[in-house]
Structures are given as C-alpha cells and as structure tokens.
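Please model the complete structure; the sequences and the hints are all you need to start from.
There are 2 protein chains.
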Amino acid sequence: MLAVDSQFQLANWQIVALAHFSLYLVTKFPTMKKFIALAFAIIISANLSATNTLNLMPYPSNVKVGVGKFTVDRNLRISMQGQYNSRLTPNVGRFVQRLSKRTTITLDRDTIISNQANATFEIKVNRPGPVTRGYDERYRLVIDSTRITLTAETELGALHGLETILQLLDRNDKGFFLPAIEINDTPRFAWRGLMIDACRHFIPVDIVKHNIDAMAMVKLNVLHWHLSEDQGFRIECKTFPKLHQMGSNGEYYTQQEVKEVIAYAAERGIRVMPEFDIPGHAAAWMVGYPKLSSGPDTNRIEKYFGGFRPTLNPTEKYTYKFLKKFFKEMCALFPDEYMHIGGDENNGLQWNENPKIQAFMKKNNIANNNELQVYFNAKVLDIITKNGKKMMGWDEIFQPTLPKNIVIHSWRGREYMEQAAKKGYQSVLSAGFYIDLFRPASNHYLNDPLPADTILTDTERKLILGGEATMWAELTNYETEDMRIWPRTAAIAERLWSPGNINDVDDMYRRMAITSMQLEETGLTHIKNREMMMRRLCNTYDVEPLRILLDAVEPREGYKRHGSKPRYTTESPLSRAVDIALPDAPDAVNFRLILKSYLQNRDQASYLQLTELLNQWALCYGRVSNLVANNAALQEVLPLASNLTQMANIAQLLLPMIQSGKTITAEEATQIKDQIKELAKPVAEMEEVVGESIGIMVEALKVK
Amino acid sequence: MLAVDSQFQLANWQIVALAHFSLYLVTKFPTMKKFIALAFAIIISANLSATNTLNLMPYPSNVKVGVGKFTVDRNLRISMQGQYNSRLTPNVGRFVQRLSKRTTITLDRDTIISNQANATFEIKVNRPGPVTRGYDERYRLVIDSTRITLTAETELGALHGLETILQLLDRNDKGFFLPAIEINDTPRFAWRGLMIDACRHFIPVDIVKHNIDAMAMVKLNVLHWHLSEDQGFRIECKTFPKLHQMGSNGEYYTQQEVKEVIAYAAERGIRVMPEFDIPGHAAAWMVGYPKLSSGPDTNRIEKYFGGFRPTLNPTEKYTYKFLKKFFKEMCALFPDEYMHIGGDENNGLQWNENPKIQAFMKKNNIANNNELQVYFNAKVLDIITKNGKKMMGWDEIFQPTLPKNIVIHSWRGREYMEQAAKKGYQSVLSAGFYIDLFRPASNHYLNDPLPADTILTDTERKLILGGEATMWAELTNYETEDMRIWPRTAAIAERLWSPGNINDVDDMYRRMAITSMQLEETGLTHIKNREMMMRRLCNTYDVEPLRILLDAVEPREGYKRHGSKPRYTTESPLSRAVDIALPDAPDAVNFRLILKSYLQNRDQASYLQLTELLNQWALCYGRVSNLVANNAALQEVLPLASNLTQMANIAQLLLPMIQSGKTITAEEATQIKDQIKELAKPVAEMEEVVGESIGIMVEALKVK
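From first to last, the protein sequence lines are chains A and B.
Each step along the first sequence adds one to the number in the numbering used here, with nothing skipped, and position 658 is 658.
Each step along the second sequence adds one to the number in the numbering used here, with nothing skipped, and position 16 is 16.
Honestly, the hints are just simulated from the structure, not real lab data.
Some hints could be false.
Calculated pairs, EDC-like style, for lysine to aspartate or glutamate (alpha carbon to alpha carbon, straight line, at most 20 Å) [said to hold, decoys possible]:
{"no.": "1", "chain 1": "B", "residue 1": "K565", "chain 2": "A", "residue 2": "D73"}
{"no.": "2", "chain 1": "A", "residue 1": "K565", "chain 2": "B", "residue 2": "D110"}
{"no.": "3", "chain 1": "B", "residue 1": "K259", "chain 2": "A", "residue 2": "D206"}
{"no.": "4", "chain 1": "B", "residue 1": "K174", "chain 2": "A", "residue 2": "E636"}
{"no.": "5", "chain 1": "A", "residue 1": "K209", "chain 2": "B", "residue 2": "E257"}
{"no.": "6", "chain 1": "B", "residue 1": "K356", "chain 2": "B", "residue 2": "E316"}
{"no.": "7", "chain 1": "A", "residue 1": "K259", "chain 2": "A", "residue 2": "E329"}
{"no.": "8", "chain 1": "B", "residue 1": "K259", "chain 2": "B", "residue 2": "E337"}
{"no.": "9", "chain 1": "A", "residue 1": "K174", "chain 2": "B", "residue 2": "E636"}
{"no.": "10", "chain 1": "A", "residue 1": "K209", "chain 2": "B", "residue 2": "D206"}
{"no.": "11", "chain 1": "B", "residue 1": "K681", "chain 2": "B", "residue 2": "E557"}
{"no.": "12", "chain 1": "B", "residue 1": "K390", "chain 2": "B", "residue 2": "D344"}
{"no.": "13", "chain 1": "B", "residue 1": "K259", "chain 2": "A", "residue 2": "E257"}
{"no.": "14", "chain 1": "A", "residue 1": "K390", "chain 2": "A", "residue 2": "E337"}
{"no.": "15", "chain 1": "A", "residue 1": "K124", "chain 2": "A", "residue 2": "D136"}
{"no.": "16", "chain 1": "B", "residue 1": "K259", "chain 2": "B", "residue 2": "D213"}
{"no.": "17", "chain 1": "B", "residue 1": "K174", "chain 2": "B", "residue 2": "D73"}
{"no.": "18", "chain 1": "A", "residue 1": "K356", "chain 2": "A", "residue 2": "E371"}
{"no.": "19", "chain 1": "A", "residue 1": "K259", "chain 2": "B", "residue 2": "E236"}
{"no.": "20", "chain 1": "B", "residue 1": "K238", "chain 2": "B", "residue 2": "E257"}
{"no.": "21", "chain 1": "A", "residue 1": "K565", "chain 2": "B", "residue 2": "D108"}
{"no.": "22", "chain 1": "B", "residue 1": "K259", "chain 2": "A", "residue 2": "E236"}
{"no.": "23", "chain 1": "B", "residue 1": "K422", "chain 2": "B", "residue 2": "D458"}
{"no.": "24", "chain 1": "A", "residue 1": "K259", "chain 2": "B", "residue 2": "E257"}
{"no.": "25", "chain 1": "B", "residue 1": "K209", "chain 2": "A", "residue 2": "E260"}
{"no.": "26", "chain 1": "B", "residue 1": "K209", "chain 2": "A", "residue 2": "D206"}
{"no.": "27", "chain 1": "A", "residue 1": "K209", "chain 2": "B", "residue 2": "E260"}
{"no.": "28", "chain 1": "A", "residue 1": "K596", "chain 2": "A", "residue 2": "E692"}
{"no.": "29", "chain 1": "A", "residue 1": "K64", "chain 2": "A", "residue 2": "D144"}
{"no.": "30", "chain 1": "A", "residue 1": "K259", "chain 2": "B", "residue 2": "E251"}
{"no.": "31", "chain 1": "A", "residue 1": "K174", "chain 2": "A", "residue 2": "D144"}
So the derived label-pair ranges between C-beta atoms look like this [claimed, not checked]:
{"no.": "32", "chain 1": "B", "residue 1": "R300", "chain 2": "A", "residue 2": "P451", "range": "52 to 62 Å"}
{"no.": "33", "chain 1": "B", "residue 1": "N118", "chain 2": "A", "residue 2": "V505", "range": "51 to 61 Å"}
{"no.": "34", "chain 1": "A", "residue 1": "A332", "chain 2": "B", "residue 2": "T401", "range": "57 to 67 Å"}
{"no.": "35", "chain 1": "B", "residue 1": "R74", "chain 2": "A", "residue 2": "E329", "range": "34 to 44 Å"}
{"no.": "36", "chain 1": "B", "residue 1": "R74", "chain 2": "A", "residue 2": "K321", "range": "36 to 46 Å"}
A short, non-exhaustive set of chain B residues, derived as facing chain A with CB atoms under 8 Å [to be verified]:
{"no.": "37", "residue": "T103"}
{"no.": "38", "residue": "T104"}
{"no.": "39", "residue": "T106"}
{"no.": "40", "residue": "R171"}
Using N, Cα and C, we set each Cβ at its ideal position, and we do this for glycine too.
Right, here's the structure in full:
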C-alpha cells in the first residue's frame, strides 16, 4: 500500500527507473520531451492529412464529403463572374499568395484570368455586398476532381468561401489537393466580433491590421475598437486636440491611420465600430478638458487599473456642447451604423459629492445616479441619432425608454441579455467571451448565447444578434496581444458561426491547434513571440526547461493577478514568465486527454505517453534550477518547477499502481489530494493544472 | 586500416554504437540534439554572465574595465543635462522600457527626473547634433558602483552610449547590474549604412522601421533606400503619379509614410538617403511614361531578375524635363544632403539599336555608351546640384570630370574605390558587404575598407567614408528580409565602427549570437520567422527534424540560386527550405569550432560534443523521411538529409580513429575526400558544409 511520507519522492524515482529505463539514462538524456513531442507530431500530422476528418473552423453549417480530389498545381486558373464589389479582387490575390506560400508552387499573376471557359476555379457573385450589419454572408462551395465552384449572393460570402478552401487544402507526397466536397454554409449569428482595447495599453496599427486578417480567417465580421479610457485617449481628435495630446502618452491613432484601418477591414468584409466610453472610464478626457469633470479631483492619465472617480458632468451644458461636436467628428470618421458609448461602471462618487449635481437632481426629480445616467444617455442618444447612428452600450445603459434600435452589449451575464430581449431589445453577448480572464478555450466555446434550454421565445431569440470576444488590455501589450487573443478567439468564432450542436470540445481543440498554425500566415505573433520572450527572459537560446514548465502551468484566472504586489500599472513590463503562460497549458491539456484515453482503454501507448510526460516534469526542477541559477528575472519560477516535479513524482507512483490494479483507501486518497492541493498553490501568478489530472488518477485508484 | 566500400555505413554505425552507447538507445531517443544544445547553452550562459568578457558589438574603440558594479533596480533615476536635440527624450524613454522588459522590473515614468542631484544616471550633452554626414558621434561612458555618467558632444553620441549600456547589462541570481567601466568610443568610419532594396520585393513600412531600430542598436547611421527598379517603382510621386500607379503592383510607400520613416530614423540618429536608379534598372518608370524609353520594347514591370533593355533616353529633352521635375519633388521630400542616382549596369542595348541616339552621339562626338552615360550623368548632376544635393552613384558613374564632392559607391570591387580615391574622390564601399549573396558573416567581417596593407596614402584614406551592407531583394521578401539582413549586418557594423585590429572571427561569432538575440527587442523577425516558416512547410508544430537538417546546411552562395528551373520571379513564394537555410549554418559552425578545439587539445569534452552532433546528423535521414512522407513541399530535402547522414556516418568512423591515433594513406584520404565531394553536391539550392570539417579530419588522419 501507499505510504505518503517523506520517502515518497525517492520511492517514486526508483519505481519509475525500474519500470521503464534506468535513472542513469534519464539523467544523461534530460530531454525526453522531444520524444513525446515527436509522437504527438505524428498524430497531428496524421490528422492534418486525413481526408475523412476536416480541419474546418468555424465548422460549416452543412458539409457533404464527396469522392475524389482536385489537384492544386500551377495550372490553377481562377475567374470571377457576376456583380461584385472591387474588394473581391485583392482578396483573391491574397488567396493565391497564401496558396503559393503553403504549397511552394509559384502561382503568378496569370493565375487570375477573365476567360471563364479556361477557369478551373470559378467564383460567382450575384451582387455587391455592403459591409453593414446583417449583410448576406452565405456561400456554396462545390469541389470535384476537375473544378472548384464558389457561389455567393455577395462577394462577402465568397471571402468566407476562400478561407474555407484554404482550410481544406491537403497534401501527400505527390502534391497538394482539395477533397471533393459540397458545402452550404451560413452563419448562425450576424454579429461576430472582437473587441480590441487600445487604451490600457496602446495596440499599434500593424497589430490591429493583422488581427483583422486573422478575424477574416475565422469568419468574424466586427472589430469593436475601444478607443477611450481612464488610461488613455487613443485617437486624434481635430475638434478637441487636447484629448489625444494630453490624454495619451503620445501613443494614439491618427485619423489617417483610422481611415486606413477602416478601409483595410472593409476590404476583408469586416465592420469597424468605435467605442468612446462615457460618462465613467473617462479620466483621460479631463486631462485636457477639466471642465468635463464632475469633481475637483486632479485630472491625470491613470496608470493603475480599476474604477476611478473622474466622471463626465451630466448636468452642465458644456458637456453636451462638447459631446455634440465630438461625436459629429467621430460619427463622420467611422462609417459604421453603430456608435458604442460604453456607459459601464460609473461609480458615481463624484456625482454624490458635487452639491451642484445634487441640487440639479433634486430640481429635476432625478432620484439616484442610475436615473442621472439615464438622463445623460438620453442626451447622448439624441446626439448620436442626429449624426445618423444607432447607439450601442454596455449592460448598464439599458432602460425601457430607449428606442428599440439600440443594441445592449451584455458583459455582466447572459441574464442581462435575456432581460433586454424579454423587453424587445437587441443585444450582443460578451459575458463568457472575456478572453482577458485567462480562461481555457473550452470555457468560451461552450458559452452559447442561445443554448438549447434558453428561456427566450423564438421572437426574442431573433434579438440576440451575436457576440464579441473582449480583449481588455490591462495585462497585455503589443508583445502579448496576439497571444492573448489567439487561438482562443477561433473557438468563439466557431460558437458564433456554427450550429449550436457543433460543440465537441476535444475536436474543437484538435482543429484549433491546426487553425492556430494557419493564423500565423497573417503575421500574427501569437506563437512566435512566446519563444522570443522566453529567450529574453532566459538570456539564452535554449529555453527548453522554461518551455516545459510553462507548457504545464497556467496564469491565474479571472482578475486574481491584480492582487499582486507591487500593483500592476500601465508601465509594468509584462515580460515575466506569467506573461508567456497560456490559458490552455498545452502539455497539461495533452496529459488530461491521454489519461482519459488510458483510463478507458488501459492501452500501453497511452501509458507510455503519460510516463514520458511525467518523466519530463520530474526532471523539470533540476533543469529549471540550472537555467535560473544566475538569473534574477527567473527566480520566481523555481518553486513552481519544484511543485510540478513533486506532482509528477506522485503521479509516477500512481500510474503503475493503476496499471497493476492496486487500490488505495479513501483516507489515503484524501492524503494525496491534500498534498496535491498544497502543491497547486499559486506561484508567481501561475497555477499548476496537472493536479486536476492527478485527482482523476487518485479517484481511479480509490476502493469503491 | 580504413576500407571505403559499401560496408562503410554499417561498420560506422557499429563502431559508434559500441564506442558510446547502444544503437538501441539512439533509436529510442532520437533527439540527442537538445542534449548538445543544452551543453552549448550552458557555455553561452556562462559567457553571457561573465564580467570579464564583454558582449559589446560593435566593440568600442577604448575600454577599461573597473572593479565593482552598478546595481540596476527600481531606484534608477536618470537626468539629462546640457543642450540637446529633443530626440534624446524618446530615446531615453525607450532605453528605460527595454531595461524594464529585460529585467522585468517596473521602471515607470518617474525614472526620468529633472533634478540632477537625485540622479544615479546622468547624461550630459554639449550641443544638439544634426543628423548629417560626419556629425560628432563620440561618447564617454563611466560606470562605478554608485553612478553612471554618459557624456557626449551631441545627443547622437549619447544614443550610441545608451545602446552600449544595454549591451553591458548583466545579471546574477540577486539582480541586474552593470560592470564598473570606462569607455571612450568613437567610430572609425562616418558612413555606416544598410541598403534596403524595396523594389524587387516590396518591404512594408513596419519592417523598414524595425530595421532602423536594429541599425541604431549596432550604431549604423545611414539607411540607403533603393526605391526604383525594373521590378517596381516604390514611392508615391505627385508630379508623375503614373510612376507608382503603373510602375508598381500597388505596393509602394506613400509620401506620408516616407516622411514618417525619415522622422523615425532621424529620431534614432539615422540618415535616410534615397536611390533612384537611372538610366538603367528603370523599366518600371516607362510603364507609365513610355516616352522616357530609348527603344520600342514593350514596357512592363519586370517579373524576372537580371539585366533588362529598357533604359532612359539620354538624348531627348523630355527626359531631362521629366527628371528636373521629378528630382525637385524628391529632393524636397528627402532632407539628406545626398541623392543616390544608381547608374549601374546599363547594358546599352537600346542605345545601340536606336538610330536617333546613334545620330545624336555622332553629332556630339560621343564615342561610346560610356561617354553617353557620362553626358547623361552631367545633366543629372546639374539637376541634383540645383536642388541643393550632392550626388552619389555606383562605380559606373565615376569619371574624372565630376566635382569632388560626389560620392562613389563601390560595388564591383575595392579596387574601384581605390582608383577613385587615387583621383581624389570620396567613396563608400559595398563590395564585400553584399549580404544578398548568402555568404558567412566572417566573410563580410574581414572585408576591411582600409586594411593594414592598403595602397592608399593617408590623405587618400580620408576619402574612404565607410561602407554599406547591401540587401538586394531578388530572393527575399517581407517574411525573410530580417533573416537575411541580421545578424550578419552586425558584423559589418562592427567592421565599420571598431578599430581594424578588432578582427577575431571566433569572438565575433560569440558576440554576434548574443547581439542577435538582443536585436529581437526591436520586433525584428530574423529568429522567430524561421520557426514559423518551418511550421508552415512541415505542416506541424514539431519541426525539429527539419531544423536539424537546416542548421547543418547553407543556401548556395553568390548568384547560383538564379540558375534554378523554373526561373525565380517576383512572384516566387520564397517559402521553400532554402529560404530558411542560413548563410552561417549554426550546427556546422559549432562542429567546426569544436573540431578545432578537439584537434588542438584532444579533450574528451570536445570529443563527446562532436559525437553527439554526428549522432544527430546520422539520424537525420530517418527522421526527415518520416517528416516528408506525406508532404510534397518537402520532398526536395530528402536527398540532402541522406547526404548529411552519409557524411556523418563517415565522420563517425574517422573520429575514433583520430582518437586512437590511427592513420590513413594519401590514397585513402583522396578516396574519402572524393566521397565527401560527391555528397556535398548541391541539393534543392542548398549545400552541405560539414564536408569542410570532415576534410580537416581526413587531413588529421593522413600519414605525413
């Protein structure tokens, strides 16, 4: 029976050493990881090449796999037919370029031809598609051994079809091909967005642009651009230039850049909706224009995060005069029919403390701050409407006197969205899509805005326009932005595009890994910046020990990282180990999946794969010790490596016991679980997640 | 004695297996590479942390290492004193940010203070530095345990000093520090450039910008921007808009972008000199303005590479009227005092065949095409001069009637530069700095414009202004541009900055590896894009077998790749294995260095390291076979892997023979060398370079 005591570690080492190969060998060749990686790679490669398992993401609404394949070679000839917006041409150009890069086949300017008769790939479009809410995005793709036919009502559907073709591309030793297939695809929700917060940390234009390319790859269609905050006013304002000049650290988008981004997005079928968050979250406005403030607080660009006092004054004419001019300029700059006015998290402190505001409320029978904000919103709505726009705002703006064409953006919970729908209001869901919270992709993937058991009626369901992944940027900057958005946003994109019954988490992870690699074609740095940041942190090229550690652990979820000392500010470097840890620790996820398979099948292959991963983790502490020996920046991860190694040691002992059919008592199980719990305590803002799998092993051993 | 026969490979495997560890183990753990990498990493880490070996690049002209160290922590306080241009402030800001990222210490806005008395790091500047040729770039850096003092005549020297400090940053387990030191540094040459050819392939603005940052890191000070070519006219021209509209595929720099790049460079102390290559290399001009042409050829943007017929007509008034307006616009746009007019490789065919031109030459006593180009150049010089600029051009423009303030840009050989100097003309050397030729860094590093045995007198030497690394872009594009420029350009930067006697190749490679990693701070993709491109090519995350192969081989040198079929065009994808192979194959370089050490010392450590590398290569063929099995894009590398494995097999046999003191006859040596020669034949535009080291092993075995 198992003795959980101080000899545990040694006993474990000995058992593993005897069971598989000598400790001598393990010590001599400390890098078993790659062997495992190789085994996985073979599995992945097999998947990539399997024609019976499509790697599409988001998965189309209707797919029929045929027989045969279309060979992709330098004889490819593409023709475009019908009435389409000119954006189709550059997209076909990029399609050809990506195909060429992947296949290494030169597909030159002659690939696109005008003569339909000679085409092997025909694109047919009925009418130009405006990039507005609810445009027709359907497409039909038919591939047989001689021909590709892509049909769409608007070229915007055709763009989606081009992405699907690139996801279908397969290869063998002779060449590249597409499987014979018939796809009829239509999105489940019309509003599929990504919000980029460019305020907490500024996100440079080129990063915004390659995120737009990535959005197009997974069929998202709304870029929600969060442009003003306590921590920065991030867009050039010609009417009130002190907004960007004094309200930012010099990092803001010029109007020229904004126009470029809008055009760039429109070319890819993506709307750009700006957000100017008022009356709260607006400290940066008041640095240049202190008259906007409701209180006597010193106005400054906030460097800390959280809620702050500065709030626009809703009782002064100056405020509305200002907003009238401001929105006139911004509504003209952004062609989208929606203007997002934020409206969230007004703490009301300045309003409470300002006697003039209190007097105003009394005089106008405004009972509380909520009602005062309703009063403010009505004024803002009037301004927005007069500029030809519809208003959108976070949950808090909702109240039933607003016109029905506004859109509620639910962030506090699905119930707010449902309440709004019950009252006849449209909404977009972001609760459950907060990708800044370091939650695994599966969590967001299963967050269906309209689950099978929704409380909404058919009519009410139509008011749920879709959802948005929200990338708040307190703990991300230009180096990690892509890594925090992708690949998890691909899972959200699928949730918003594909039918609700496409919800197999394991298959989603399989496809997401492939999609993630393809997303690199956009210039996205979500994979490559991780190694770069490890090199900087480790101060050497060989970052493998750190990678092994970080591939097994995850950043603390939710807002727990904000509890750290010293407090995070906009100037924190965000270059620590936790900044490279991923919300889906890849090796921990693998371990969990293989364990699941092993417990079902008791097969040797899974057993050996588990053993290899455990051996790698068992050696982690020693290898990380060497790596961090002379490196102050990495000292903090040593206890984390120690915990991982100790957990692996426990699992190394449990695994052969499961294999040989041994059992443990409930008491022993509790003892081990307590030990795991202790080892799983957060270190350096990261958490061990292998412990969950060990818990499953313990359960498997327990006398029933 | 050695029998070179068909049994060779088997015998070799057996010997290795017996000598070191069983073949079973090698097969079971095919990834020995990482073990070696780890061993190297320890060596590198040791170097990174060694205070007695400075990692400075370019190495300063005068260094005195002191005793003690300055601790870098959040108490750092920086003050700037004296008269300086405002560019100093943002540079100090970036300095603080980079320091913060590397150390993971938050150094916020309070780090920069105005009160000199409280500063721990004082920057003193005498006067603002104009970013023009020959500005004062000297700096003096004194660091003791309590204080950093950086003194410079202009802030441009101070910028160099900031880079030196970042290169001095060291760490241990307790924290970060700078060694006590006194550096007095001054550049050897005033003109230290990088030429970016944005024409053969367009290089987007953000790539140009991060290359400017990288230039600043290694103290280069001229960006030479090659903006017009047969394959594209890459800048917006307001006077003649058909130049960029019809002369490019839509990829060109707007004037707004050009202004941004100039300002970006100036902020970093870097001049931007444009080149408009005339009268040859000008096909793209004539697509929109066919009247400029000297012949009846169809005008088109060239997609092939090489020399082409279209040449400006030097006998028509239209040409000069055009150039007058054109240069007026461009001279106003670019503030630099130099305008580069190209002037190279005019094949003269259109001139020969045009009867009007021939008549003109006869009438004006112009004997040949050379003289006609002299005539043309004189006219252009007049235009350039009237716009307040000095003229620069490639070798071919040189002739002794030109004014002495022009600059000859030598590309054909150092002798052209010397000839010009002998006649009193200034020049800049690019011959030997052609980084497009896939030559190793050592080759460029030892290319001293003024070697100890120069034929030039002291006065003539002063006419050698410096040099430029030239990145012609036939075989590179946005994905590989950084990888082709860096890190080799750091070696050229050192050649142009440091004293001529700083020329130890091994130490250069050691420091270049460290500098290369630091260069990633600019956003440069020279390291990270390689893995991304391997993932795309391998269609899987585990690219290790391909990496092992590519780390041992090099692209064919010179212009040999242009001999391939199908011919390269501007539309070739440049996504093949050869596009990721490096001019300094890292593992082959390591093997050479370790072998050198082993042959000198016959030490076991080196012996084992060599063995590990050979084992890894011996397994390469098998591993690559698995990787390429279903991948048409990689089939071409299989014979290369086979050759590498066979070479390793030979070396695996030779190494124990050297160790045990065996000898071979001259005849046997020839046999082996012939075999190596056969295996070293180019495959897929790449070459085996391990063969050179094996040749050295054979020599070591030969009976003397």
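For this session: Against the structure, test the hints numbered earlier, and report the numbers of the ones violated in rising order.
Result: none
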